[in-house]
Each structure stands twice: as structure tokens, then as C-alpha cells.
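With chain E held as given, fit chain F onto it using these hints.
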Amino acid sequence: DTGVSQDPRHKITKRGQNVTFRCDPISEHNRLYWYRQTLGQGPEFLTYFQNEAQLEKSRLLSDRFSAERPKGSFSTLEIQRTEQGDSAMYLCASSLGTSVDEQFFGPGTRLTVL
Amino acid sequence: GESVGLHLPTLSVQEGDNSIINCAYSNSASDYFIWYKQESGKGPQFIIDIRSNMDKRQGQRVTVLLNKTVKHLSLQIAATQPGDSAVYFCAETPGYALNFGKGTSLLVTP
Numbered sequence: 007d008t009g010v011s012q013d014p015r016h017k018i019t020k021r022g023q024n025v026t027f028r029c030d031p032i033s034e035h036n037r038l039y040w041y042r043q044t045l046g047q048g049p050e051f052l053t054y055f056q057n058e059a060q061l062e063k064s065r066l067l068s069d070r071f072s073a074e075r076p077k078g079s080f081s082t083l084e085i086q087r088t089e090q091g092d093s094a095m096y097l098c099a100s101s102l103g104t105s106v107d108e109q110f111f112g113p114g115t116r117l118t119v120l
Numbered sequence: 004g005e006s007v008g009l010h011l012p013t014l015s016v017q018e019g020d021n022s023i024i025n026c027a028y029s030n031s032a033s034d035y036f037i038w039y040k041q042e043s044g045k046g047p048q049f050i051i052d053i054r055s056n057m058d059k060r061q062g063q064r065v066t067v068l069l070n071k072t073v074k075h076l077s078l079q080i081a082a083t084q085p086g087d088s089a090v091y092f093c094a095e096t097p098g099y100a101l102n103f104g105k106g107t108s109l110l111v112t113p
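For the record, the sequence lines run as chains E and F.
For what it's worth, the working numbering labels the leading residue of the first sequence as 7, then goes sequentially.
For what it's worth, the working numbering labels the leading residue of the second sequence as 4, then goes sequentially.
For the record, the hints were derived by calculation from the structure and aren't laboratory data.
Relax, there's no trap hidden among the hints.
Heads up, simulated DSS-like pairs for lysine-lysine below, C-alpha to C-alpha not over 27 Å straight-line:
no.	chain 1	residue 1	chain 2	residue 2
1	F	K45	E	K20
2	E	K17	E	K63
3	F	K105	E	K63
4	F	K74	F	K59
5	E	K63	F	K45
6	F	K105	E	K17
7	E	K17	E	K77
8	F	K59	F	K71
9	F	K105	F	K74
10	F	K105	F	K71
11	E	K63	E	K77
12	F	K59	F	K105
13	F	K45	F	K105
14	E	K17	F	K45
Per the computed footprint, the stretches of chain F lying under chain E, defined by three or more beta-carbons under 8 Å from a beta-carbon of chain E, are:
no.	segment
15	40 to 53
16	101 to 108
Every residue gets a Cβ at the ideal spot worked out from N, C-alpha and C, and that includes glycine.
Just chain F, same shape as in the assembly:
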């Protein structure tokens, strides 16, 4: 069936380095993509979103890239900080229900 998945389950980076988290999706009907951050014991927190008519969107220290040709989504975090340590999920939807991937655990080391 259609699914959203992540290439790497865990990612360890040094404080100050840039982080890149990747995600593959298979539902070609999806037109809205979101990255969420989830800290232990908390609900997912919105980071950044992108619609299918765009290929790049920038926020504060974060950039999302969308490649519809290969159905790939990435999240770039600049100058990663200890507070960025969390699980990151990509999600997509062709309608209203979000379809989440399994998540990538980001660990920022000093």
C-alpha cells in the first residue's frame, strides 16, 4: 500500500553542524507535506510545511526541500542545537488525515 517512510531511523550530529533528515513518500496524490518534531512525552510540534506546487521553503534555521519527481522530502536544520534533539516525523496528506512516517531520532552531541 501507499506509505511514508524515512531513510534513517537515527541521526547523531555535533552541536553547530547542519542536520539533514530524509523522507520518501509514495502517494503521488499528496499535495501537502509537513515536518513535525516530537520530544519525549509530548505531542508532535509543527516545524515547517510545503505544498506540492513548491520545491523549497525556508523557515528559521530550517529548510524543507520537496522533489516530486522522486517523491522525496528532506528537512535541513542549520547550526543544530541540543534543543533540537527529538524525533522528527514527515507527514503527507492528499486530504485531511495526515499519514506519518516512522520517525528519525536526532541526537545532538556537544
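So that you can see chain E by itself, here it is in the shape it has in the complex:
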């Protein structure tokens, strides 16, 4: 257990529905990251926060995806109008943020879109 928690661990939804995932980072960590991982592949970067500011977004983050970190602590990732191609493991990571530093990953939320 790295200290990063994610909820829910599993989510099954129908195509077209909206889903929201939550990530609670290690409490003293300033940086928070979202990644997506499909079967047999390595995680792919989606977006990153320094405190409450969203500083970087991947091209993978389409306009149906939105992430927030309103108080610089927990973060949410929402996917609107889900598509079958959104089925993946969504991973959250956090780091201290003093420099380019070690990222600690949560257990992930596995999304299945039917």
C-alpha cells in the first residue's frame, strides 16, 4: 500500500453514461497525476496538478474528460458520455513535488464500458 487511494476500484457503466473517479494522494504530496492503462500496455499520462493548478494535459484527454483538484488535496476525474474505448484502468499517482521525483501510484480504478 503506497498511501494513494482510489475509489471506486471497479466501475461498470453503459455507453453514454457519465462516471467520476476519486483519488486521494499521500497527504504531503503537492503533485498529482492521472494515467490510463489498457491491457498489455504501460500507463499513459493524462494530466497533472501542482497543488490545485492543472499544469499539463495530454492529447489523450479529450473534451469528454475533465479533472479537478479543487483544494489541492483529492482529485476527481470525470468522463462524460462514456464510450467503449474508454474501458481501461485509470491510475492516480502523487509525488512530493520538490523536483522531478518519485511518483507513488494508487491501485487504480478499472472502468468497463458496456
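Using the frame of chain E, we list chain F on its own:
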């Protein structure tokens, strides 16, 4: 485009033997490299990291070697144990977003 990749998708070793997992990267701007271990149904777990100003770093039973000339990274696991069975990813970053390779599945047989 720039990418991180692994030479071997699967590796099978006997318990007690040493394991070597290789990784090639192409982004010459990367200055931080990490090896992660991922067990089924879990998130990636940090193993060891190395910065570009080093060529070798040792941890407990693990050693990472970095060859910047040929852009090659390797992970050596000494006395491999059944608990080491997992998928191993190398990752690199020139900034904050980690760029992961596809992964090598390590299977440790008794």
C-alpha cells in the same frame, strides 16, 4: 516519435537465478529513469530510479544501469524469488509526465 520500449516482452527464470530486464529509450532530453513493478490488479510499484548524471545505482537485490551513449536502461534482480513475478516497466521523463514502455513479464519458476 520519441518512445520507450523493451527488448523482451517475456522472461522466464528459475528461482535463485539473476534476472536482467532491458529497456531502450529514445528521448535524449530525459533525465530521470524509473523501474516499476506491477502485479496483476495493482498499480505500479516503484523499484528503483536513476538520474542521468549516474550510470549505476544499487538497491536491495536490484541494480539499475544506465548507458546514455546507446540510450539503454537495464534492471538486474539478484537471486530472483517467486514474489518477483510481475510485469516490469521502465519509465522516463524529461519533466513531470512519465513515459512508460510496454512492459516485460517476469515469470519465476521453482
